[in-house]
Amino acid sequence: MKLPIYLDNQATTPMDERVLAAMLPWFREKFGNAASRNHSFGWEAEKAVEAARAQIAELIHAEPKEIVFTSGATESDNLAIKGVAEMYREKGRHVITATTEHKAVLDTCKRLEQDGCEVTYLAVDRHGMVSAEAVEKAIRPDTVLVTLMAANNEIGTLHPIEAIGRTCKAKGVLFHTDATQGVGKIPVDVEKMGIDLLSLSAHKIYGPKGVGALYVRRRNPRVRLAPILDGGGHERGMRSGTLNVPGIVGLGMACELCGQELEPETKRLTKLREKLWKKISSELDEVYLNGHPTQRLPGNLNVSFAYVEGEGLMMGMSELAVSSGSACTSASLEPSYVLRAIGVGDDLAHTSIRFGIGRFTTEEEIDFAGERVVAAVKRLRDMSPLYEMAKEGVALKDVRWTPTAGH
Amino acid sequence: MAYSDKVLDHYSHPRNVGSLDKNDPGVGTGVVGAPECGDVMRLQIKVNERGVIEDARFKTFGCGSAIASSSLATEWVKGRTVDEALKIRNTDIVQELALPPVKVHCSVLAEDAIRAALADYQKKKADHAVAPAPAEQR
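Chains X and H are the protein sequences, given in the same order.
Read in our numbering, the first sequence has 203 at position 203, and its numbers run on one by one without any break.
Read in our numbering, the second sequence has 106 at position 106, and its numbers run on one by one without any break.
Derived by calculation from the structure, the hints in this document are not laboratory data.
Heads up, some of the hints might be wrong.
Unchecked claim - Simulated pairs of lysine-lysine, DSS-like, Cα-Cα distance not exceeding 30 Å:
| hint | chain 1 | residue 1 | chain 2 | residue 2 |
| --- | --- | --- | --- | --- |
| 1 | X | K279 | X | K378 |
| 2 | X | K2 | X | K271 |
| 3 | X | K391 | H | K124 |
| 4 | X | K271 | X | K378 |
| 5 | X | K397 | H | K22 |
| 6 | X | K378 | H | K78 |
| 7 | X | K275 | X | K2 |
| 8 | X | K110 | X | K169 |
| 9 | H | K78 | H | K124 |
| 10 | X | K137 | X | K192 |
| 11 | X | K391 | H | K123 |
| 12 | X | K30 | X | K65 |
| 13 | H | K125 | H | K87 |
| 14 | X | K378 | H | K6 |
| 15 | H | K124 | X | K397 |
| 16 | H | K46 | X | K378 |
| 17 | X | K171 | X | K82 |
| 18 | X | K2 | H | K6 |
| 19 | X | K391 | H | K78 |
| 20 | X | K397 | H | K46 |
| 21 | X | K2 | X | K209 |
| 22 | X | K82 | X | K169 |
| 23 | X | K171 | X | K137 |
| 24 | X | K47 | X | K30 |
| 25 | X | K378 | H | K22 |
| 26 | X | K91 | X | K103 |
| 27 | X | K82 | X | K103 |
| 28 | H | K125 | H | K46 |
| 29 | X | K2 | X | K279 |
| 30 | H | K123 | X | K397 |
| 31 | X | K271 | X | K192 |
| 32 | H | K22 | X | K391 |
| 33 | X | K137 | X | K110 |
| 34 | H | K123 | H | K46 |
| 35 | X | K391 | H | K46 |
As the list claims (entries may be wrong) - Computed, partial: chain H to chain X, Cβ under 10 Å:
| hint | residue |
| --- | --- |
| 36 | L8 |
| 37 | S19 |
| 38 | V31 |
| 39 | A34 |
| 40 | D39 |
The structure displayed is predicted, hence computed values, not measured ones.
Just so it is clear, CB atoms sit at the ideal spot from N, CA and C, and this is done for glycine as well.
Full structure from sequences and hints, please.
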């Protein structure tokens, strides 16, 4: 077993060697521009791009023509949301999203607000879920778009996408889903789920960084988008710019592999996640699972370890690469807004750790991680004044604390 | 973020972790910070008859830099008089531990903890001097 152990697969994933092998020829030997229509260099590049389009489409049950290549999910989210808002501005200027979305969606929505759109930010329940009923209630005559993620990047919660899609269809509102974390990890079917636009990214599914795609429905209804980038009119005019052929080939292969391995991988990851959670919850008191107990990404475990600060904890288990919802890990000094949205207090948000289990995580690594986590939490609790106070029966909520300046 | 060797050393081998009897008149206890802010330090000092801090203990909820800052603070106050301990500045801690700007607040908290512990001790001493009998006349 090699140390450190990578358990941050919601941040990014290592590239699968099969993906790399598929990409390699497209850097040097086959370097053509897919838009070159009059020689073989261009033709072979175009062929490779079209093959990748088909691989991606198959994974999400779409048509190849409905796939638009981008630089990643952030761009896809921007293109979907801004593109719809701009194209349908005569129809209405209201967009619905939720408070736990990724910043690529939330900040894009904020931009729309500056441009005069109205945005409804739906609250989530204590597991981080939005119901189809809540979406239905929020839809108004001037609503043009509902954008809700398939799976949350921090707490792994899955929204009831199919029910929400059905609601949107019934109301004649376009439905975009940021499925960056969901594609390749959970079954996604744009037809069955009534999805009109879908963002995905290669580097979350064992592909390369810097490439992603946006699914744009062509029938029932045909979705139109105002482009963000002006230029050569690539990708049916929706996304100008020379195609990143090696990246696209990699994304295609990554999707194909995910599709092949989805079922056994889901079982394996769920088992590893449950094993880690069982170890933690059976050997430590006052640990809390964040997110939904079952409706969550197979490879996501998010836990608050009361009375132990997240960054301090990560330092105590430096053989594990994980991430924390604590403020200390970011420049913002604000704890996770996602945890806040599900009602986790700032005190507990500071103690949260996200374990992201992936394709290359082994059971041996999970066993090792479990031991390290339990040992580190115990050691830090012995040093924690809060743990001592809690054990003495002091109600920490009633203590008058003295926050320092800057906090 | 990479930690300095000194932060790592204090984090891995914290000095003076633990508790002193907070009801001992010679013990001063300072608790600063807040759980919602991600750091709480409790620093305790035990002052002898000669006014010298002979022992110190801490417990900290916080990041590695917060733990290191409080560990260092207990080392530094030991052997000093109350007045000398009051002269410890957060900037000294920043320098000693090579804390980056984003971690300066950990040193501020440690300085606050020292001051709070000293203030608690001095308050106890004053209360104690008044309570049992009038102080001796000069």
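Hint by hint, here is what the structure shows:
Using a Cα cut-off of 30 Å, the hinted pair K279 of chain X and K378 of chain X holds, with the two alpha carbons roughly 14 Å apart. For the proposed pair K2 of chain X and K271 of chain X, the alpha carbon gap of about 21 Å is at most 30 Å, so the pair holds. Taking the CA atoms of K391 of chain X and K124 of chain H, the gap is near 26 Å; set against the 30 Å cutoff, the hint holds. As the CA atoms of K271 of chain X and K378 of chain X are separated by approximately 25 Å, the hinted pair is consistent with the 30 Å bound.
A C-alpha spacing of about 21 Å is found between K397 of chain X and K22 of chain H, which places the hinted pair at or below 30 Å, so the restraint holds. Among the hinted pairs, K378 of chain X with K78 of chain H is consistent with the structure: their alpha-carbon atoms are about 27 Å apart, no more than 30 Å. Of the pairs offered as hints, the one joining K275 of chain X and K2 of chain X holds, with about 20 Å between alpha carbons and a cut-off of 30 Å not exceeded. Simply put, K110 of chain X and K169 of chain X have alpha-carbon atoms about 25 Å apart, close enough for the 30 Å limit, and the pair holds.
Distance hint between K78 of chain H and K124 of chain H is fulfilled; the C-alpha atoms sit about 19 Å from each other, no more than 30 Å. Using a Cα cut-off of 30 Å, the hinted pair K137 of chain X and K192 of chain X holds, with the two alpha carbons roughly 22 Å apart. Among the hinted pairs, K391 of chain X with K123 of chain H is consistent with the structure: their alpha-carbon atoms are about 27 Å apart, no more than 30 Å. Distance hint between K30 of chain X and K65 of chain X is fulfilled; the C-alpha atoms sit about 23 Å from each other, no more than 30 Å.
This hinted pair checks out: K125 of chain H and K87 of chain H have alpha carbons roughly 20 Å apart, not beyond 30 Å. The suggested pairing of K378 of chain X with K6 of chain H holds, with an alpha-carbon distance near 23 Å, which does not exceed 30 Å. For the suggested pair K124 of chain H and K397 of chain X, the alpha carbons sit about 26 Å apart, so the restraint of at most 30 Å is met. As the CA atoms of K46 of chain H and K378 of chain X are separated by approximately 27 Å, the hinted pair is consistent with the 30 Å bound.
A hinted pair counts as satisfied when its Cα atoms are at most 30 Å apart, and K171 of chain X with K82 of chain X qualifies at roughly 21 Å. This hinted pair checks out: K2 of chain X and K6 of chain H have alpha carbons roughly 27 Å apart, not beyond 30 Å. With a CA separation close to 28 Å, the supplied pair K391 of chain X and K78 of chain H stays within the 30 Å bound. For the hint pairing K397 of chain X with K46 of chain H, the CA-to-CA distance comes to about 28 Å; that is within 30 Å, so the pair holds.
For the hint linking K2 of chain X to K209 of chain X, the alpha-carbon distance of about 24 Å falls within 30 Å, and the restraint holds. Simply put, K82 of chain X and K169 of chain X have alpha-carbon atoms about 20 Å apart, close enough for the 30 Å limit, and the pair holds. Between K171 of chain X and K137 of chain X the CA atoms are separated by roughly 11 Å; this keeps the pair inside 30 Å, and the hint holds. At roughly 11 Å between alpha-carbon atoms, K47 of chain X and K30 of chain X fall within 30 Å of each other, so this suggested pair holds.
A distance of roughly 24 Å separates the Cα atoms of K378 of chain X and K22 of chain H; the hinted pair therefore holds under the 30 Å criterion. Proximity of K91 of chain X to K103 of chain X is assessed by CA-CA distance (about 26 Å); at most 30 Å being required, the pair is judged to hold. Between the alpha carbons of K82 of chain X and K103 of chain X the distance comes to roughly 14 Å, so the proposed pair stays at or under 30 Å and holds. Between K125 of chain H and K46 of chain H the CA atoms are separated by roughly 12 Å; this keeps the pair inside 30 Å, and the hint holds.
The straight-line distance between the Cα atoms of K2 of chain X and K279 of chain X is roughly 21 Å, inside the 30 Å bound, and the hint therefore holds. Restraint check for K123 of chain H and K397 of chain X: the C-alpha separation of about 26 Å stays at or below 30 Å, so the hint holds. A hinted pair counts as satisfied when its Cα atoms are at most 30 Å apart, and K271 of chain X with K192 of chain X qualifies at roughly 27 Å. Between K22 of chain H and K391 of chain X the CA atoms are separated by roughly 17 Å; this keeps the pair inside 30 Å, and the hint holds.
Annotation: proposed proximity of K137 of chain X to K110 of chain X holds, straight-line Cα distance about 21 Å (limit 30 Å). For a cut-off of 30 Å, the pair hint linking K123 of chain H to K46 of chain H stands: about 14 Å separates their Cα positions. With a CA separation close to 24 Å, the supplied pair K391 of chain X and K46 of chain H stays within the 30 Å bound. Nearest Cβ of chain X to the Cβ of L8 of chain H: about 8 Å, under the 10 Å cut. The hint holds.
At about 7 Å, the closest approach between the beta carbon of S19 of chain H and any beta carbon in chain X falls short of 10 Å, and the interface hint on this residue holds. For V31 of chain H, the interface hint holds, since its Cβ comes within 10 Å of a Cβ in chain X; the closest pair sits about 7 Å apart. Taken as an interface hint, A34 of chain H checks out: its beta carbon lies about 3 Å from the nearest beta carbon of chain X, inside 10 Å. For D39 of chain H, the interface hint holds, the least distance from its beta-carbon to any beta-carbon of chain X being 7 Å, beneath 10 Å.
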